[in-house]
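There are 2 protein chains.
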Amino acid sequence: MSPRGRRPGAPDTRAAIVDAARPLFADLGFSGTSMRKVAAEAGVDPALVHHYFDSKEDLFLASLDVPFDPRMLLAVVAEGGPDGAGERLLTTFFSIWDDEANRLPLLTIARGVLEPGGQRLLRDGFIGVVIVPVVSALGVDQPERRAALLASQIIGLVLTRYVLEVEPLASAPPELLVATYAPVVQRYLTGDLP
Amino acid sequence: MSPRGRRPGAPDTRAAIVDAARPLFADLGFSGTSMRKVAAEAGVDPALVHHYFDSKEDLFLASLDVPFDPRMLLAVVAEGGPDGAGERLLTTFFSIWDDEANRLPLLTIARGVLEPGGQRLLRDGFIGVVIVPVVSALGVDQPERRAALLASQIIGLVLTRYVLEVEPLASAPPELLVATYAPVVQRYLTGDLP
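Listed in order, the protein sequences are those of chains A and B.
Heads up, the first sequence is in the working numbering, so the first residue is 65 and it goes up one at a time.
Heads up, the second sequence is in the working numbering, so the first residue is 65 and it goes up one at a time.
Cβ-Cβ distance ranges computed for the label pairs, FRET-style: (1) E105/A / R100/B: 49 to 59 Å; (2) L257/B / G145/A: 20 to 30 Å; (3) S200/A / A234/B: 17 to 27 Å; (4) G107/B / A243/A: 45 to 55 Å; (5) E164/A / P232/B: 33 to 43 Å; (6) D163/A / E164/B: 41 to 51 Å.
No lab work stands behind these hints: they were computed from the structure.
Even glycine gets a Cβ: it sits at the ideal position worked out from N, Cα and C.
Construct all of the structure, not just a fragment, from the sequences and the given hints.
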């Protein structure tokens, strides 16, 4: 039953489902897309979509085509509790972004920020599926607001360091950036907000 | 002699100079563009460029085509000294961005963040011409680094609130956002950095 085990059926079926899902998420947003609509678009039985993907979140993350599960952030940040959560989140963030193998697919998603479809993916999908659960797992108040504040710093950091390559941010060692941004991220995650 | 007074010559000359300057700034960056190159591109005498624009910074800001002088930020932030600089900067920022008349030209510039020419304009031009002088005017150490950190939060805020329209950030009243972001901006402007 595990979607991570051996899969019966044509080996391209899973890829066909992901290919069908990607434009639906882009056009309809995360909330407007259903497993049933994806099945219809891919021309397969809805049961087959559920066979490959436990949830719409799993299917969405597969459609992002990044070489890791962004929800690993959740585990790393949440398992240590609120103290030091900002530092752990940033350490994980830089270990992913500073890895050349991840850079290109991540930049492709980041560039989508200015296309209507990419905007919905980032807003409804990435922030809702990845960032809000990270914040909620810390047991703090106002998780949506904290997630939006966190997103506003992380998106700006991505653009400044990796897209615009503004110095001295672009060539700063990650340890220095973790120390620089940790108090800010910690504030957004767990601090008292006005 | 004032470039703000009555201008002799054809009324379209100034516009022709700005039109010639815009792609040069985009292609060559701020540092790679000279008043002389702009004059050659516009087919006018270099003295005429200097007649209309006191400095390359003035010409660059005119080429951005925003309905205000971004350097007003400098005056507002610098005149009160380091204390409360973050709050003043944010109050000015929201008064500009929340004004519908400014929104469209500003968003056009913001969208340029993902085009190579727009990237150079933002990195060499906007950060160098507008943000670094604001920070330097406060008399703090490491103005380039502080400007980059400030840019990383402001650019992310622009994208999250005005482009992606992530809630509850998108509909939050500016006073609440000033209070929320002020400690962060103050840290970047004047705080002790690691």
